[in-house]
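**Q** Chains A and B supply the protein sequences, listed in that same order. If you're matching positions, the first sequence starts at 1 in our numbering and goes up one per residue. If you're matching positions, the second sequence starts at 1 in our numbering and goes up one per residue.
It is worth saying that the hints were derived from the structure and are not from the lab. Treat the hints with care, as some may be off.
Unchecked claim - Simulated DEER-style distance windows between Cβ atoms:
{"hint": "1", "chain 1": "A", "residue 1": "R157", "chain 2": "B", "residue 2": "Q310", "range": "47 to 53 Å"}
{"hint": "2", "chain 1": "B", "residue 1": "D100", "chain 2": "A", "residue 2": "V303", "range": "26 to 32 Å"}
{"hint": "3", "chain 1": "B", "residue 1": "A82", "chain 2": "A", "residue 2": "T31", "range": "53 to 59 Å"}
{"hint": "4", "chain 1": "A", "residue 1": "D251", "chain 2": "B", "residue 2": "V303", "range": "17 to 23 Å"}
{"hint": "5", "chain 1": "B", "residue 1": "P253", "chain 2": "A", "residue 2": "P216", "range": "24 to 30 Å"}
{"hint": "6", "chain 1": "B", "residue 1": "A82", "chain 2": "A", "residue 2": "D251", "range": "31 to 37 Å"}
{"hint": "7", "chain 1": "A", "residue 1": "A10", "chain 2": "B", "residue 2": "D254", "range": "36 to 42 Å"}
{"hint": "8", "chain 1": "B", "residue 1": "T258", "chain 2": "A", "residue 2": "E289", "range": "54 to 60 Å"}
{"hint": "9", "chain 1": "B", "residue 1": "V303", "chain 2": "A", "residue 2": "G70", "range": "27 to 33 Å"}
{"hint": "10", "chain 1": "A", "residue 1": "R157", "chain 2": "B", "residue 2": "S99", "range": "55 to 61 Å"}
{"hint": "11", "chain 1": "A", "residue 1": "G278", "chain 2": "B", "residue 2": "D72", "range": "55 to 61 Å"}
{"hint": "12", "chain 1": "A", "residue 1": "Q302", "chain 2": "B", "residue 2": "N2", "range": "39 to 45 Å"}
{"hint": "13", "chain 1": "A", "residue 1": "R117", "chain 2": "B", "residue 2": "T258", "range": "36 to 42 Å"}
Claimed, not checked - Far from chain B by the CB rule (all over 10 Å, computed), these chain A residues:
{"hint": "14", "residue": "A21"}
{"hint": "15", "residue": "E61"}
{"hint": "16", "residue": "R115"}
{"hint": "17", "residue": "A139"}
{"hint": "18", "residue": "L144"}
{"hint": "19", "residue": "E195"}
{"hint": "20", "residue": "E197"}
{"hint": "21", "residue": "H290"}
{"hint": "22", "residue": "A306"}
Just so you know, these numbers come straight off a predicted model, no measurement behind them. Even glycine gets a Cβ: it sits at the ideal position worked out from N, Cα and C.
There are 2 protein chains.
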Amino acid sequence: MNETRRAVLAALDDGPVTGPALAERLEVSRTAVWKHVEALRDAGFVVDSVADGYVLAGVPEYGAAAVEFGLDAPFDVEYHDALPSTNDRARELAADGASDVVVLADRQTGGKGRRGREWSSPAGGVWTSLLLRPDVPPARAPLLTLAAAVAVTDAAREAGVDAEIKWPNDVVVSDERDSSGRGGAKLAGVLTEMEGEASRVSWLAVGVGVNVNLDPGELDGEATSVRAEVGDVPRRVFVQRLLERFAALRDDPDDILTAWRERAATIGQRVRVETADGDVVGDAVDVTEHGALVVDTADGAQVVHAGDCQHLRSA
Amino acid sequence: MNETRRAVLAALDDGPVTGPALAERLEVSRTAVWKHVEALRDAGFVVDSVADGYVLAGVPEYGAAAVEFGLDAPFDVEYHDALPSTNDRARELAADGASDVVVLADRQTGGKGRRGREWSSPAGGVWTSLLLRPDVPPARAPLLTLAAAVAVTDAAREAGVDAEIKWPNDVVVSDERDSSGRGGAKLAGVLTEMEGEASRVSWLAVGVGVNVNLDPGELDGEATSVRAEVGDVPRRVFVQRLLERFAALRDDPDDILTAWRERAATIGQRVRVETADGDVVGDAVDVTEHGALVVDTADGAQVVHAGDCQHLRSA
Numbered sequence: 001m002n003e004t005r006r007a008v009l010a011a012l013d014d015g016p017v018t019g020p021a022l023a024e025r026l027e028v029s030r031t032a033v034w035k036h037v038e039a040l041r042d043a044g045f046v047v048d049s050v051a052d053g054y055v056l057a058g059v060p061e062y063g064a065a066a067v068e069f070g071l072d073a074p075f076d077v078e079y080h081d082a083l084p085s086t087n088d089r090a091r092e093l094a095a096d097g098a099s100d101v102v103v104l105a106d107r108q109t110g111g112k113g114r115r116g117r118e119w120s121s122p123a124g125g126v127w128t129s130l131l132l133r134p135d136v137p138p139a140r141a142p143l144l145t146l147a148a149a150v151a152v153t154d155a156a157r158e159a160g161v162d163a164e165i166k167w168p169n170d171v172v173v174s175d176e177r178d179s180s181g182r183g184g185a186k187l188a189g190v191l192t193e194m195e196g197e198a199s200r201v202s203w204l205a206v207g208v209g210v211n212v213n214l215d216p217g218e219l220d221g222e223a224t225s226v227r228a229e230v231g232d233v234p235r236r237v238f239v240q241r242l243l244e245r246f247a248a249l250r251d252d253p254d255d256i257l258t259a260w261r262e263r264a265a266t267i268g269q270r271v272r273v274e275t276a277d278g279d280v281v282g283d284a285v286d287v288t289e290h291g292a293l294v295v296d297t298a299d300g301a302q303v304v305h306a307g308d309c310q311h312l313r314s315a
Numbered sequence: 001m002n003e004t005r006r007a008v009l010a011a012l013d014d015g016p017v018t019g020p021a022l023a024e025r026l027e028v029s030r031t032a033v034w035k036h037v038e039a040l041r042d043a044g045f046v047v048d049s050v051a052d053g054y055v056l057a058g059v060p061e062y063g064a065a066a067v068e069f070g071l072d073a074p075f076d077v078e079y080h081d082a083l084p085s086t087n088d089r090a091r092e093l094a095a096d097g098a099s100d101v102v103v104l105a106d107r108q109t110g111g112k113g114r115r116g117r118e119w120s121s122p123a124g125g126v127w128t129s130l131l132l133r134p135d136v137p138p139a140r141a142p143l144l145t146l147a148a149a150v151a152v153t154d155a156a157r158e159a160g161v162d163a164e165i166k167w168p169n170d171v172v173v174s175d176e177r178d179s180s181g182r183g184g185a186k187l188a189g190v191l192t193e194m195e196g197e198a199s200r201v202s203w204l205a206v207g208v209g210v211n212v213n214l215d216p217g218e219l220d221g222e223a224t225s226v227r228a229e230v231g232d233v234p235r236r237v238f239v240q241r242l243l244e245r246f247a248a249l250r251d252d253p254d255d256i257l258t259a260w261r262e263r264a265a266t267i268g269q270r271v272r273v274e275t276a277d278g279d280v281v282g283d284a285v286d287v288t289e290h291g292a293l294v295v296d297t298a299d300g301a302q303v304v305h306a307g308d309c310q311h312l313r314s315a
């Protein structure tokens, strides 16, 4: 959304305001004001014409303009009804030199998880990728993955879901709260992809998939959704809270690890992590700034960078 | 080079051997043997026909078959007379799923250094990229850059050049040895590029540029070449030693840091490092496994991940 349209929208939100008054305030023609109002209506905003001018009477459920409206985070938003994968679209934007762009899709036709796994992404979920260009070495990239997991958890909790983080990149519904057998079910995942030099990231796409307004039947066996847990929520607000929380953590990287630990279901659990070098079994005691899990095993502490993690019942 | 051609070449090297004997030994037709011999001649190998068969009488100066012949490292070699950039070609090969391929070019038309800087790459130098797919997190990528710097240094030393490493990724000619004013002049550089998930490298291209058989006039002001230092050397052998040393270090990652420190001109020097956050001035005391320089400054130790490094004269 360009600056003038943003200003028109803000004025309508504070309205009513007449077209001539708005034209004068924004130093554009009355025709320009009218065109912006029509464009906002096309994007789904409800703009009423009342006796003393225009006034905003409704905001669209979802979309680029909807998410940008009232967003307190420095991102441009790009929306698609359908994309193969928001991370792949972010990669295209990166090749064009873009940065600080949020890609949103109503559904993904080829959504992916870690290690190229499929990720079911029907219409109604939040499928989004943040394209960033932080001036950091690749070793700092995992910290942004951790930040995204914290941001998703907080957005889900604000929506009323008792969410927590499961290492490495999942957000699940808390075990103890749920007696339905869905306990620990997966609500969201984070997949960060990157390109760069060995000492410096060129770009980074933090992909986030959240099962929001989806039926249990649309999901994989072990997954749950916001709808299944607490009913539907406005995706616009969900994404805004997620982006705002992420932006705040990005600006305060020293807070990320603490925030992650506080929300982590994995820390303190007995775990089995399947790695390329075999299984690691022990007590998960911490996470490092490189996103690695520290596991106390019978053979001493092991630092595991990647793998699939199972929470085991204590003996 | 396919397995049969490799076997034909080895037999010719041990020759003389007759066509029929070779056909029988390799279980191929006599026509096939003849075709392989002709292909080797096309690639620049000199194959003499003597009374008791064929014998290898000469190896081409450079090229894929030349470098693969006698190479004790598990890489396929791809050669081009000219490429825009060997790293870009490695990236293309990565997209096709390749791994453990060495890309060689006689010259690069768009060679690049760190941070997108130009890198002069005329015919006669060694311009090469190693495409690898190590199963490691991105934080381990810098270690392979350090290994490449060690491998280049050792290949240069074997060629008679008193080379050492300058942080982050340069190989230079030792200061004290040289009274001509070329002291510390740049001989080679390493540029590692990568793509992957935050917790796992997908592919990694270790680009190495060495000024080998080049005139000083072909080089940038502060650069030198093997030719300028000790005269021309066979590039085939230079690349083979480089690849073999790199492969050995890759298999023994615990040796890399020690080997790097032993060859580093920077450690123990007073340095000024220009970083994105300003200059860091102090004594360079160590390098980390993430390739960062540890600098003792007036305000304590600082760990610098990226920047341009100047060696200062002590006060």
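**Q** All hints are to be evaluated individually against the structure, with a verdict given for each.
**A** We went through each hint and held it up to the structure:
1. R157/A / Q310/B: 47 to 53 Å: At 50 Å between Cβs, range holds.
2. D100/B / V303/A: 26 to 32 Å: Given about 27 Å between the Cβ atoms, the range holds.
3. A82/B / T31/A: 53 to 59 Å: holds, 56 Å
4. D251/A / V303/B: 17 to 23 Å: holds, 21 Å
5. P253/B / P216/A: 24 to 30 Å: violated, 46 Å
6. A82/B / D251/A: 31 to 37 Å: violated, 46 Å
7. A10/A / D254/B: 36 to 42 Å: The hinted range 36 to 42 Å is violated for A10/A and D254/B, with Cβ atoms some 59 Å apart.
8. T258/B / E289/A: 54 to 60 Å: The hinted range 54 to 60 Å is violated for T258/B and E289/A, with Cβ atoms some 25 Å apart.
9. V303/B / G70/A: 27 to 33 Å: violated, 40 Å
10. R157/A / S99/B: 55 to 61 Å: violated, 43 Å
11. G278/A / D72/B: 55 to 61 Å: violated, 30 Å
12. Q302/A / N2/B: 39 to 45 Å: holds, 42 Å
13. R117/A / T258/B: 36 to 42 Å: This hint holds: roughly 39 Å between Cβ atoms.
14. A21: holds, 46 Å
15. E61: holds, 31 Å
16. R115: Given that some Cβ of chain B is not farther than 10 Å from that of R115/A, nearest at about 7 Å, it is violated.
17. A139: It is violated; A139/A is separated from chain B by about 4 Å at its closest Cβ, not greater than 10 Å.
18. L144: Answer for L144/A: violated, closest chain B Cβ roughly 7 Å.
19. E195: violated, 5 Å
20. E197: violated, 6 Å
21. H290: The claim breaks: H290/A does not keep its Cβ more than 10 Å from every Cβ of chain B (closest is about 5 Å).
22. A306: violated, 4 Å
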